[in-house]
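Got two chains here, separate frames each, mind docking them using the hints?
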Amino acid sequence: MGADGGLANSLEAHRKYLLRYALFQLRDASLAEDAVQDTLVAALAQGEGFQGRSQLRTWLTSILKHKVIDLVRKRGRGLPMDAVQLGEEDDSPDGSFNAGGRWIDPPADWGLPDAALESTQFWRVYQKCCQRMPERHALVFSMREVMDMSTEEICKKLEISTSNLHVILYRARLRLRSCMTKHWFGADHE
Amino acid sequence: MYSCEQASKLSSQAMEEPLGRLQRIQLSLHLMLCRHCKNFSRQIEFLRRTSRKLPEAIEKDLD
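Sequence order for the protein chains is A and B. Residues in the first sequence are numbered from 820 upward in steps of one, following the numbering used here. Residues in the second sequence are numbered from 60 upward in steps of one, following the numbering used here.
Which stretches of chain B does chain A cover? Using the computed rule of at least three CB atoms under 8 Å from a CB of chain A, they are:
#, region
1, 69–80
2, 98–105
3, 111–122
Everything labelled a hint here was simulated from the structure, so no lab data went into it. Beta carbons are placed, not taken as given, at the ideal position from N, Cα and C, and that holds for glycine.
Chain B on its own, in the form it takes in the complex (with noise of 0.2 Å):
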């Protein structure tokens, strides 16, 4: 069983590249257990989403 250490940093790096299905498999059994892991993945997505649009927001301040 993976620690929350592990967890949030195989959660990271599934952003950059597909796991291995055997990290894959531990990672997703993690975050079914562990809530604040999922909060971690989850919220880590939301701020590259928020990130993506920062050109968006910086133009509509100049308004």
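Pulled out of the complex, with its shape left as it was, chain A reads as follows (with noise of 0.2 Å):
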């Protein structure tokens, strides 16, 4: 074992939290193992620009993001990206209004929710509810969020305009909100 074996050993160390981390995204078992090994290949490639690297998780997951962000474009090929054409018209998104413009079912307070980040149920439900989003509105949220890319990065990787950028996010947090409100904040769980 040369210094390559090193970096290989290293390099495995990070493969389980890639793996998550694309699995979260892609919601596939297979795709998100392709989209690592991907990763690691491209990683090792540049085996030499990464010796100096301290941050090497972060790194890995820059790489990763897209990778995972280029699957699920193309997995979405020939779908329109644009909110509208996807049968969503602007008004009354996902029935959370009456046609006046009222909520059906009016945002409870959740009372000082910080203290759930702590619980690993908690965050199992969060992602349970970000997964039931359109994968391609959950793409965008998660670039936006979670990645946190900035919205003319996000436009311009996906060829959306800024008004259709400000939808989607709007319906996605609709949403979550609203599952994590069912699932969490206004269940009983431990």
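Here is the structure:
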């Protein structure tokens, strides 16, 4: 085992994390496996530039992000990214409001929600709720909220307009908020 | 006066870009008077904070 063996070992240590990260977005174990495999190959190919990196996981994750985004885009090829063309008109998204623009199921207080962040069960519910969104809405939401990409970057990468981005994020937030209320904040759990 | 639908849409949009002056004033007025929309706005901000911590949570869950 030379230097390459050492590199391979340290990459293996991050594989599990990367797999979970990919699975969150791709929802398919073998697709996630492929994305991580490609990421590690790309990392090894750049082996020299990699030597001095202290934030190995951050670097690997940034390679993986782009692989994941490309995979979701490819899988949805042919489908319009545009929210209006998806048949979801601007008014009354997913039945949250009545014709007068009033809440059908008004958002109740969540109390002090930050305490939930310590719960493993909470995170499982959160991930399940994200995966209930239409896949490409989930991708946009994740690019903005999990990956913390700028709106400009997202619009450019997905070739959508700013107003489309706003509509998709709004829908995603309505849906996630309502799912988290149903399955966590308004539900019985330990 | 904004409807709840308009107010919640603008609360969401304000997380991406600064609103115009008039929109900002009308939105804060609505949020002052409507606790449902106030809850909504707080909750989507909480969900952003939560989402940014997902990588950390995945890491913790591995141990």
